[in-house]
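Participant: Produce the complete structure using the sequences and hints provided.
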Amino acid sequence: MNPKDNLVIGIIIAILIFTSFNVGVDPTQFVKGIPNLMVVVEEMSHVDPTLLGTAFWSMIETIQMAFIGTIVGVAISLPLSILAARNLYSKFVYAPVRAFLAMMRTFPSILWAILFVIMVGLGPFAGILAIIMYTIGFMSKLQYEAIEAIDSDPMEAISAIGVSKLQLIRYVVVPESAPHLLSQLLYMFDYNVRQTSILGLVGAGGIGFYIINYIKFFEYGKAAVFMLVVLTTVLIIDWISVKIRDRYIVKAQKGVNIKI
Amino acid sequence: MRKMTEILTADNSFSNDSIIHMYDVWTSYDGKGYTLQGINMSVENGKNYIIIGPSGAGKSTLLKLVNGMVIPTKGQIEVFGRRPNIHDNIFKAIMPKIGYIPQNLGLVKNLTVMENVLIGALPRISKVKSFFKIFPDKEVSDAENVLNLVGLEDKVKRKVYMLSGGEKRRVAIARALVQKPELLLADEIVSELDHVSAKEIMDLIIEAKHRINLTAVMIHHDVQLALDYADKIAMIKHGNKIAEFNPNEMRYEEVVGMFNSYES
Numbered sequence: 001m002n003p004k005d006n007l008v009i010g011i012i013i014a015i016l017i018f019t020s021f022n023v024g025v026d027p028t029q030f031v032k033g034i035p036n037l038m039v040v041v042e043e044m045s046h047v048d049p050t051l052l053g054t055a056f057w058s059m060i061e062t063i064q065m066a067f068i069g070t071i072v073g074v075a076i077s078l079p080l081s082i083l084a085a086r087n088l089y090s091k092f093v094y095a096p097v098r099a100f101l102a103m104m105r106t107f108p109s110i111l112w113a114i115l116f117v118i119m120v121g122l123g124p125f126a127g128i129l130a131i132i133m134y135t136i137g138f139m140s141k142l143q144y145e146a147i148e149a150i151d152s153d154p155m156e157a158i159s160a161i162g163v164s165k166l167q168l169i170r171y172v173v174v175p176e177s178a179p180h181l182l183s184q185l186l187y188m189f190d191y192n193v194r195q196t197s198i199l200g201l202v203g204a205g206g207i208g209f210y211i212i213n214y215i216k217f218f219e220y221g222k223a224a225v226f227m228l229v230v231l232t233t234v235l236i237i238d239w240i241s242v243k244i245r246d247r248y249i250v251k252a253q254k255g256v257n258i259k260i
Numbered sequence: 001m002r003k004m005t006e007i008l009t010a011d012n013s014f015s016n017d018s019i020i021h022m023y024d025v026w027t028s029y030d031g032k033g034y035t036l037q038g039i040n041m042s043v044e045n046g047k048n049y050i051i052i053g054p055s056g057a058g059k060s061t062l063l064k065l066v067n068g069m070v071i072p073t074k075g076q077i078e079v080f081g082r083r084p085n086i087h088d089n090i091f092k093a094i095m096p097k098i099g100y101i102p103q104n105l106g107l108v109k110n111l112t113v114m115e116n117v118l119i120g121a122l123p124r125i126s127k128v129k130s131f132f133k134i135f136p137d138k139e140v141s142d143a144e145n146v147l148n149l150v151g152l153e154d155k156v157k158r159k160v161y162m163l164s165g166g167e168k169r170r171v172a173i174a175r176a177l178v179q180k181p182e183l184l185l186a187d188e189i190v191s192e193l194d195h196v197s198a199k200e201i202m203d204l205i206i207e208a209k210h211r212i213n214l215t216a217v218m219i220h221h222d223v224q225l226a227l228d229y230a231d232k233i234a235m236i237k238h239g240n241k242i243a244e245f246n247p248n249e250m251r252y253e254e255v256v257g258m259f260n261s262y263e264s
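Here the protein sequences line up with chains A and B, keeping their order.
Here the first sequence is numbered in the working numbering, starting from 1 and rising by one per residue.
Here the second sequence is numbered in the working numbering, starting from 1 and rising by one per residue.
Just to be clear, a hint being listed does not mean it is correct.
Covered stretches of chain A, as calculated for chain B (at least 3 residues, CB under 8 angstroms) [to be verified]:
1. 156 to 169
2. 172 to 183
Computed list of lysine to any residue pairs in SDA-like fashion (alpha-carbon distance at most 25 angstroms, straight line) [as the list claims (entries may be wrong)]:
3. B/LYS109 / A/ARG170
4. B/LYS133 / A/TYR89
5. B/LYS168 / A/ALA149
6. B/LYS180 / B/ASN148
7. B/LYS92 / A/ILE150
8. B/LYS138 / A/ARG170
9. B/LYS92 / A/ILE169
10. B/LYS74 / B/PHE91
11. B/LYS168 / A/ARG170
12. B/LYS129 / A/TYR89
13. B/LYS92 / A/SER152
Source of the hints: derived by calculation from the structure; they are not laboratory data.
Every residue gets a Cβ at the ideal spot worked out from N, C-alpha and C, and that includes glycine.
Facilitator: This is the structure we're talking about:
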């Protein structure tokens with residue numbers, strides 16, 4: 001630890017205190033608020049089991065939305081990620097594609113949802129469109145980074161055979177980046193289920209619609225049912241993805257033949 | 001700059017049978033230092049031309065000049081009567097005739113042995129069919145024959161990342177042979193193998209050479225191996241070709257002495 005480090009740490013602490021004061025951070029409020037939280041927790045404990053059926057079906061709707069959004073989004077992102085890869089296309093191709101993808105990622109899915117609710121009206125379709133948009137932006141980035149990380153040796157050696165660009169993509173780029181794809185797909189689906197759960201907040205379908213409305217009317221017990229269903233579902237999906245990952249991705253690395 | 005007359009006389013000295021001509025070739029990656037400095041070389045049809053030299057001498061660059069992966073800063077090259085350039089559409093028609101086995105082999109590790117070998121046939125297959133991995137029966141049976149030749153007939157469906165180092169080399173050779181090349185470029189293909197395996201691989205290439213009329217340009221680390229298999233040997237040091245000789249003209253000790261002593 002030299003004096004310069006101490007100075008840097010001191011400056012960071014000063015900025016932290018200054019900004020906290022600016023935005024009104026008040027730790028005493030937090031402590032005082034604990035009893036309020038207890039009230040909510042107490043009310044939430046009066047869960048309304050009659051709503052379990054509704055919660056279940058709205059969760060199924062949410063998962064379906066996330067599924068459609070993930071699959072369609074990923075399908076669109078694959079060709080885009082190839083066009084965005086610097087080791088495959090010239091600057092004139094990848095630069096505009098990258099700018100477009102960055103723009104799609106800039107908005108969180110909830111903002112896309114607001115946009116699509118205005119466009120196609122309330123309901124799950126607006127939510128699906130929002131998920132597709134966000135998935136395209138996010139997946140393309142993961143995928144073009146995976147493509148750029150491909151070993152350049154087979155690319156060079158196989159280019160030297162005189163194959164076409166499409167053949168190079170089909171026989172080198174796709175197989176060499178595919179193992180990442182499965183893992184990323186699972187991650188994206190997992191992420192999208194959680195995203196879709198809150199899209200109902202702006203009326204774009206799914207289970208979030210119920211949660212926000214029950215909270216608005218202070219019916220915490222009813223909201224709790226829906227929140228528990230979300231929690232359970234996310235845990236189950238997480239568990240299933242771990243299983244799939246173990247079975248296919250880990251084994252593939254260990255050297256068991258799998259079909260991709 | 002050399003005079004045009006000199007270039008013309010130099011060209012006349014090449015045998016008409018040569019498929020690679022290099023005249024005063026210089027290469028530079030950064031525009032400052034030169035990796036190769038004024039290389040003259042000519043490789044005759046059907047011959048086995050072996051390049052030896054210490055690491056960093058510019059041997060791999062020399063090989064990449066032949067298939068157009070490296071473009072000379074100055075000087076002239078002709079391969080099959082064309083100036084090699086991997087980005088040139090006219091040269092693209094010649095590229096399938098040149099089998100290239102890089103030092104790191106350049107295999108697609110997530111594809112099977114068979115798929116890797118069939119990549120060599122891609123320039124002959126229509127784009128649509130190859131996209132769906134549909135290959136004519138003739139190509140598949142040719143690939144099977146080549147895999148028999150290299151002794152991988154029982155590993156056809158195995159993914160490449162599961163193979164041993166020696167097996168991967170055989171896949172790379174098979175891929176190059178399925179191209180039906182007229183010229184084979186191999187960069188240190190046996191360098192990491194023990195002597196027995198190295199001889200096996202070399203015998204395999206020589207056998208294939210006799211079956212099809214194949215010219216080979218290979219880089220080797222092992223002087224003895226070069227003396228055993230070459231029709232002509234070139235020694236490269238510090239980017240210069242310091243010697244070119246027939247294997248029967250020199251004894252092992254002489255070559256090794258030259259290999260170790262010469263400083264430019």
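Participant: Take the hints in turn and mark each one as holding or not.
Facilitator: How the hints compare with the structure:
Restraint check on the stretch 156 to 169 of chain A versus chain B: 11 residues with Cβ-Cβ distances below 8 angstroms, three needed, restraint holds. Look at the stretch 172 to 183 of chain A against chain B: 5 of its residues bring a Cβ nearer than 8 angstroms to a Cβ of that chain, three or more, so the hint holds. With a C-alpha separation of about 14 angstroms, the suggested pair B/LYS109 and A/ARG170 falls inside the 25 angstroms cut-off, and the hint holds. Among the hinted pairs, B/LYS133 with A/TYR89 is consistent with the structure: their alpha-carbon atoms are about 23 angstroms apart, no more than 25 angstroms.
Taken as a hint, the B/LYS168 and A/ALA149 pair is honoured in the structure, with Cα atoms around 22 angstroms apart against an allowance of 25 angstroms. For the suggested pair B/LYS180 and B/ASN148, the alpha carbons sit about 16 angstroms apart, so the restraint of at most 25 angstroms is met. With a C-alpha separation of about 24 angstroms, the suggested pairing of B/LYS92 with A/ILE150 holds against the 25 angstroms cut-off. As the CA atoms of B/LYS138 and A/ARG170 are separated by approximately 21 angstroms, the hinted pair is consistent with the 25 angstroms bound.
Between B/LYS92 and A/ILE169, the direct Cα distance comes to roughly 17 angstroms. Compliance with the 25 angstroms bound is thereby established for this hinted pair. Between B/LYS74 and B/PHE91, the direct Cα distance comes to roughly 19 angstroms. Compliance with the 25 angstroms bound is thereby established for this hinted pair. Between B/LYS168 and A/ARG170 the CA atoms are separated by roughly 21 angstroms; this keeps the pair inside 25 angstroms, and the hint holds. Note on B/LYS129 and A/TYR89: the hinted pairing holds, with a Cα-Cα distance of about 23 angstroms set against a maximum of 25 angstroms.
Distance restraint check for B/LYS92 and A/SER152: the Cα-Cα separation of roughly 20 angstroms lies within the 25 angstroms cut-off, and the hinted pair is therefore satisfied.
Taken one by one, the earlier hints all hold for this structure without exception.
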